[in-house]
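Participant: What follows is the residue order along each chain.
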Amino acid sequence: MTVTAHVIALAAKLLSGFTVRWIDCYPDTCQRVYFANHTSHLDPVVLWSSMPNDVRRVTRPVAAKDYWSQGRIRPFIARSFNALLIDRMEIKVHQSPVDLMIREIGDVYSLIVFPEGGRSSGDEMGEFKSGLYYLAKKRPDLELVPVYMENLNRILPRGEVFPVPLLSSITFGPPIWLEAGEAKTAFLQRARGAVRALKDL
Amino acid sequence: MASLLAVLPSDPLPPQWLNLRTYWLLAVVLVALAITWLVGFLLERRHGANVDTALLRRLNHRVKAWWLMAAILVLGFLLQRPGTVLLFGLVSFWALREFVTMTPTRRGDHRALFWTFMIITPLQYLLIGLGSNAPRWLTKGQETDLYSLYSIMIPVYATLFVPARIAFSGDAKRFLERTAKILAALLICVYSLSFAPALLNLRLTTSNGQPWSGSPVSVLFFLVLIAQLADVLQFAWTRLAGKTPVAPAINASRTWEGLGGSLVTTALIGGALYWATPFQPWEAALMSMLVAAMAFAGGLTMSAIKRDRGVTDTGTLVVGHPGLLDRIDNVCFAAPVFYHLTRFFFTA
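As given, the protein sequences belong to chains Y and G, one line each in that order. Here the working numbering is used: position 99 in the first sequence is 177, and no number is missing along the way. Here the working numbering is used: position 144 in the second sequence is 606, and no number is missing along the way.
No lab work stands behind these hints, which were simulated from the structure alone. For clarity, every value in this text was computed on a predicted model and none was experimentally measured. Any given hint might turn out to be false.
If you only want the chain Y side, here are some residues facing chain G, beta carbon under 10 angstroms, derived [stated by the list, open to error]:
#, residue
1, Arg236
2, Gly237
3, Glu238
4, Phe240
5, Gln267
6, Ala269
7, Gly271
Output of the computed footprint for chain G on chain Y, the stretches with three or more beta carbons under 8 angstroms from beta carbons of chain G [as the list claims (entries may be wrong)]:
#, stretch
8, 223 to 235
9, 243 to 250
Glycine included, each C-beta is placed from N, C-alpha and C at the ideal position.
Take the sequences, apply the hints, and build the full model.
Facilitator: Below, the structure is given as structure tokens:
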């Protein structure tokens, strides 16, 4: 990892003051998909920064191209934390985001995804988009790790530019897998429930 | 500095940053800390034999926090006055963070919170750091202590600014409650605590007006030490003789017996340490008693806030890790009262 990557991770830690908890799950460099609730633009950077160094090295956050390719600073930051930028505006049939993700991770990288698709503004999480299901279906070997991120929406809410450095907490939960023959909606509900359950632990 | 002091005829001896009394006070504290640590360590080793493990864990945790506190103070003293003010500023900032994290705010408070964290808090400590060395353009060449600015900056300007800024954001829901939360956070974590390093700006005299040659550092150290001692003595007296909690619905481990015992024993210890301060022994005892009373009030107030929020500790969102604010609530409440009484009775 570059020096900038370390600086960004440190800055994210100072700014969001997170406490990290791993519950029934241990940091590992095996291939995983971390899926989390999404409330703030800081989410990908903070979640990535909260991981141990060796895990961080092989983990790539999936982020929105329209936000992270603007200006000069954002693309630079996105490059340093090895973000995988997805075009939300222009989704082609034979070039779907899921195919892109699978191609990019190969047999090395893990992913950080936010299955709600966009930032939810209220206290309740939005419904999960189907990407996580197709990802699990095409790569059944990936461990799907639910993550709950608390308070990030207070640090940098929607539509604000300047963050307020409050404290946050990040909880990693036990991995789930797509069960044989499990329907799409049932799986997405279960995945959403797994993230939601971490809120009260 | 020397030229500055030359204009003050009543100062025959320039006050030193650290002098022998400061070192003595530091030595006393470090030895006491080492003894407490050793006792905790030995008790932990003969684990099981009539030892309350929860109590022991609490003691050892506290001792660890005290080592950290002592280290921060010593580091600050090594970095001279600006360093000490800066470190207290960082402590304030962190305490404010814990406080606001604990109390829910709404989207409409975001900009007001940004001002609170990024402008008001640093400005308060900047003013205290400048003290009587304000830039020329501000004081027009006269010797002015910025006390007249930093003692009212938060009560006057911030208290009016914060509600106005929230009103500008256009969200009226639970308006008074939200304003009160932010202002209480500012008052306890920033304004009150900032008077601890402000002690370093005082030109101290004894109560009969003779200039005092000691270092203000030892007075600051005295305040922090007495506030921490008062807390621990309160706890000990409650364990020994506590029967009637002051407010059972808020905190069952703060009793009248604990308060009484703490007032008396803190006064005795404070009186015995009078040589570190410009106070006479009886004056030091009275001041210590006052600090003990304020420390108790601070702890009880923070307990009420925590009880209302349904948390036991302020530190993190995770249960069971005491935060910084849990350790310094006593100093927060004692500092402004201690400062102003010292300023009234013990400065020229």
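Participant: Are the hints correct? Go through all of them and say.
Facilitator: Results of checking the hints against the structure:
1. A cut of 10 angstroms between beta carbons decides the hint on Y:Arg236: the least distance to chain G is about 8 angstroms, and the hint holds.
2. Taking 10 angstroms as the C-beta contact cut-off toward chain G, the hint placing Y:Gly237 at the interface holds, the least distance being around 9 angstroms.
3. Restraint check, Y:Glu238 versus chain G: the minimum CB separation of about 5 angstroms is within 10 angstroms; hint holds.
4. Checking Y:Phe240 against chain G by beta carbon gives a least distance of about 5 angstroms; that is within 10 angstroms, so the hint holds.
5. Taken as an interface hint, Y:Gln267 does not check out: its beta carbon lies about 26 angstroms from the nearest beta carbon of chain G, beyond 10 angstroms.
6. A hinted interface residue such as Y:Ala269 counts as satisfied when its beta carbon comes closer than 10 angstroms to some beta carbon of chain G; here the least separation is about 23 angstroms, so the hint is violated.
7. The interface hint given for Y:Gly271 is broken, as the beta carbon of that residue sits about 21 angstroms from the closest beta carbon of chain G, more than 10 angstroms.
8. For the stretch 223 to 235 of chain Y, the assignment as covered by chain G holds, since 4 residues bring a beta-carbon within under 8 angstroms of that chain's beta-carbons and 3 suffice.
9. Taking a C-beta to C-beta cut-off of 8 angstroms, the stretch 243 to 250 of chain Y contributes 5 residues in contact with chain G, enough for the three needed, and the coverage statement holds.
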